[in-house]
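K.L.:
Listed below are the residues making up each chain.
Protein chains: 2
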Amino acid sequence: MAAVSSAKPTPILKDELDIVIPTIRNLDFLEMWRPFFQPYHLIIVQDGDPSKIINVPEGFDYELYNRNDINRILGPKASCISFKDSACRCFGYMVSKKKYIFTIDDDCFVAKDPSGKEINALEQHIKNLLSPSTPTFFNTLYDPYREGADFVRGYPFSLREGVITAVSHGLWLNIPDYDAPTQLVKPRERNTRYVDAVLTIPKSTLFPMCGMNLAFDRELIGPAMYFGLMGDGQPIGRYDDMWAGWCMKVICDHLGYGVKTGLPYIWHSKASNPFVNLKKEYLGIFWQEETIPFFQNVALPKDCTTVQKCYIELSKQVKEKLAKVDPYFDKLADAMVTWIEAWDELNPPQAEGSSAKVTK
Amino acid sequence: MAAVSSAKPTPILKDELDIVIPTIRNLDFLEMWRPFFQPYHLIIVQDGDPSKIINVPEGFDYELYNRNDINRILGPKASCISFKDSACRCFGYMVSKKKYIFTIDDDCFVAKDPSGKEINALEQHIKNLLSPSTPTFFNTLYDPYREGADFVRGYPFSLREGVITAVSHGLWLNIPDYDAPTQLVKPRERNTRYVDAVLTIPKSTLFPMCGMNLAFDRELIGPAMYFGLMGDGQPIGRYDDMWAGWCMKVICDHLGYGVKTGLPYIWHSKASNPFVNLKKEYLGIFWQEETIPFFQNVALPKDCTTVQKCYIELSKQVKEKLAKVDPYFDKLADAMVTWIEAWDELNPPQAEGSSAKVTK
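From first to last, the protein sequence lines are chains A and B.
Residues in the first sequence are numbered from 1 upward in steps of one, following the working numbering.
Residues in the second sequence are numbered from 1 upward in steps of one, following the working numbering.
In case anyone wonders, no lab produced these hints; they're calculated from the structure.
Errors might be hidden in some of the hints.
Intra- or inter-copy, both count: the list cannot distinguish identical chains.
Simulated pairs of lysine-lysine, DSBU-like, Cα-Cα distance not exceeding 35 Å [claimed, not checked]:
| no. | residue 1 | residue 2 |
| --- | --- | --- |
| 1 | K117 | K279 |
| 2 | K186 | K14 |
| 3 | K302 | K321 |
| 4 | K270 | K77 |
| 5 | K52 | K302 |
| 6 | K97 | K270 |
| 7 | K186 | K316 |
| 8 | K331 | K99 |
| 9 | K319 | K117 |
| 10 | K324 | K14 |
Please read all numbers here as calculations on a predicted model, not as lab measurements.
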């Protein structure tokens, strides 16, 4: 191309990816991310008091939604978006018009690799999303599509094309993502182990998806990324990303999409208060003993050929099988339906009928 | 204990682990492993010409079996032990009287970790085997039982005890374990990525198990570690460890045992000849397209409560479903039965009837 030699290289997928940040405070943390994030568009979901002014460092291209905006845009359907909980971030997924989403918490800083180099987390997520996944057979040298790696002896050749990747789950150095009981028992534990790997989470295997450092293909799997009902007025918190992860994984397994975990790392700067967390979590700690077997045994019928159809079917099964655990799940199942209705309203399916491609 | 302060620490499991080495040459490679292996007992399985004298460096405690010994000990049942193929190593598993086996190839040297420290591969395998596995739910910070790690938020508490670990699969720096086509296409590829992780291979997920650097609990899973019919007189080679890995994994899944992969690394010194390998492998490359779906769909009945019962049942299903792929599988199914008969002859089940505990 006739590019001027001094031109900076175009950041990958600059026009196809939004960065979604839920927050209640000034976004000073963006200063550290400036070299990596500035070329991208940000969607900021302001939680809590909508009259508070959130300061965004200069030079970033962003749109910001507070609770008043959410209520105005969604009307009565705004009830499906959590308040006073970072679960509100999923509103950003819904209003985005891009193919990819990267979401990050505002207490996550740039980590360094063992050589001391700053890690471009977004670039690694994009690499993960743009290379295939291998959910049906495990490769012992991890992601076979990385440079310097490949499929090992005994890996069936028919599976080496892999499948399309829908989700890239990144990890955290420093403060690990522990539950309140583990935080209480191990107050000083820090994650210092840099594991230089990306791997596909095998089909039919569930995992605890953390929303701190997460990217996904919104066109492929967006409607499954609902972060549930948490926070204000709800009996539970801190299970928003878990819920999304379980729903998303069974739908990816059903539709044949891949989910990767591992690199990139971010630097998680501070531990949240374990006492506050315990209050938010304790019901979830009981409930997950029921919800995880539920998701492990979910079967989606063959005619669920779109994420929306899968998700509505899942909401029915939640109502049928989990409402007896607690009435909360009945309410959650209804909110799942509302979420899909709101999604489709903001992202009307194209005339061709492919619900995977939203109108831009 | 009243130990003298200058006494060396006792190597872990010194009296409970045998090191099994298949070879056709002098075992000079042991010099490098001396600090790590010398306290342990070695079982050397000499392949090829039994009249050849194999030199073992001084100071090692070993027993050596050549083809004449195998024929003498097993009589007609010796037919199940491969000749002119490293698959013969499984004879060593059978004659061992120890609880644990570590098997290593004689072209595998001591690797170094990123800090330059020599890796005690055996010690890491023992750590892997002595800590539980987590096959039913994936932990994103890898092995939760390692120092500095734990279960992350959202990991069900009821699953945190884990299950007993049966197998520890180690990896290789330098020459990766590639099949002949990949060797031919990437002759210069070397594995230089040290991934500091151990992880459980999830339930119902198959993987390509390599026999180069492998440890297992012989009492738990030994009879499933049959390396099949390979080499002399057989149409196939280099699928011995793969076969054992598939059989072992479905049996571990059925019996609720764990399989780990990752650390430790060894230094794989030289690539085998890809042209020779292609000749050995090419039928396997076709057949694995049928055998892997077979193993992915195997169901073992509830009354298969011991490894032996599982393995005999598996042999029946191999005969029934794979013999139509090639008559070789008919012969292999018979050899699987012979293997179990020979195993039980050398390891008579105890009076209590627990076949998991062999007589010492």
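K.L.:
Indicate, hint by hint, whether the structure satisfies it.
P.N.:
Do the hints match the structure? See the list:
no.	hint	in the structure
1	K117 with K279	neither (38 Å within a copy, 45 Å between copies)
2	K186 with K14	between (40 Å within a copy, 33 Å between copies)
3	K302 with K321	both (20 Å within a copy, 27 Å between copies)
4	K270 with K77	within (34 Å within a copy, 64 Å between copies)
5	K52 with K302	neither (48 Å within a copy, 62 Å between copies)
6	K97 with K270	within (32 Å within a copy, 52 Å between copies)
7	K186 with K316	neither (39 Å within a copy, 50 Å between copies)
8	K331 with K99	within (30 Å within a copy, 53 Å between copies)
9	K319 with K117	neither (48 Å within a copy, 56 Å between copies)
10	K324 with K14	neither (46 Å within a copy, 53 Å between copies)
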